[in-house]
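Peer 1: Here is how the chains run, residue by residue.
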Amino acid sequence: MDTKTLIQEAKARFSHNAAKAALYEKYSSKLIVAEQNGLWKATITLISFLATISDEEVVIIDEFNNLVKVNRQKLHKTLLEIYTNVMNEWYDEFKELENKR
Amino acid sequence: MKKGVILFAYNTEDYDYVKMAEYAVKRIHYFLDLPVTLVTGNRQYQNNLFDKVIYEEANTNNKKDRKVWFNKDRYKAFDLSPYDNTLILDVDYVVNSQKLNKLFQIMDDICVHNTTEFLMQPNLPYEYLSAYSYKTAWATVIGFKKTNKAKQVFDCMKMIQENYNHYSNVYNFVAGTFRNDYAISIALHIVNGHLLPKSDIIPWNLIHVGKNTSVYKTNDNVLCEEFVVIFDNWKKNKIKKEYIQFKNLDFHVINKDNFVELLP
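So the protein lines, in turn, are chains A and B.
Its first residue numbered 1, the first sequence is counted upward by one per residue in the working numbering.
Its first residue numbered 102, the second sequence is counted upward by one per residue in the working numbering.
Derived by calculation from the structure, the hints in this document are not laboratory data.
Errors might be hidden in some of the hints.
[To be verified] Lysine-lysine pairs mimicking DSSO-like chemistry, simulated, CA-CA at most 27 Å apart: (1) B:348 x A:11; (2) B:203 x A:20; (3) B:203 x A:4; (4) B:259 x B:312.
Between the sequences and the hints, there should be enough to build the whole structure, so can you do that?
Peer 2: In structure tokens:
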């Protein structure tokens, strides 16, 4: 039996909340990146911090709680790029969800 | 540095784990592009799908639901693995994305999941060894490098397996069935001086398809990327079925009978 028929016969209702949660699991891990001997998550906070300071090198605590001295501009560029790509992909799939019933 | 995956598959009366491994290897090749070594109790078994097949006698000294369960001796993976950087995967873990390749970049010595998410059951609490003990780490996915620390963890798992009753008393869990999850949880804590550094934890959740939940493939291709999960949601003594559809998300199927339905 194909899944469409299965869903119809089971009278199953599409769960938007569960689908959103699954999308979160899928995409939030994509924001994690290893760079310059540290593990980073491309978050708004970290990207903004890297954008606002002017020092060439800066010490930050990474996802493993290690202190890492990084090249600020290089890390900023990498994280911003990852953040933008992942969020755009996530958004496209998120929009598809809204049309599902 | 040679990277690869190692799978353990010992057939039982009820389940053909080698067949599950054959399903897993195709997906690992496709999504992760990694060689796979199979450890099995069938001396005659050969299959070109695998980079290497290692015969290892099954340890029959474990039971689950009154039946023999061949899950012991996972600690041998350290010595058996032909790779410098290895992933140990349960055969019922469905690789459905390239995400695991990231582990090779981020792991120091060894890493496992200790946070989980059950699809369609968002409020389930994490599992603990016991009410006053550690959060359970999961042996479903283990990444390790051939370093001294990783060796210590696997040696420690061996010690725990051999003295399981003692550790069940110390950590206050039921010793009836040996679980690799418990062995690696305790081993990691012992080796790390009863702390668990973040670097030993995989920085995303292990996704389970759990109780009252069934997963279905959307086509018969062994490399099917899209799956449907149907959940029996009990409300006011009635079941209301709910579903989601997803693609490119790895998951672990807890219900073996359900997993078998995914096989071609």
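Peer 1: Next, verify each hint and record whether it holds.
Peer 2: Okay, the hints, checked on the actual structure:
no. : hint          : in the structure
1   : B:348 x A:11  : holds (22 Å)
2   : B:203 x A:20  : holds (23 Å)
3   : B:203 x A:4   : violated (34 Å)
4   : B:259 x B:312 : violated (30 Å)
Checked against the numbered hints given earlier, this structure breaks hints 3, 4; the rest are met.
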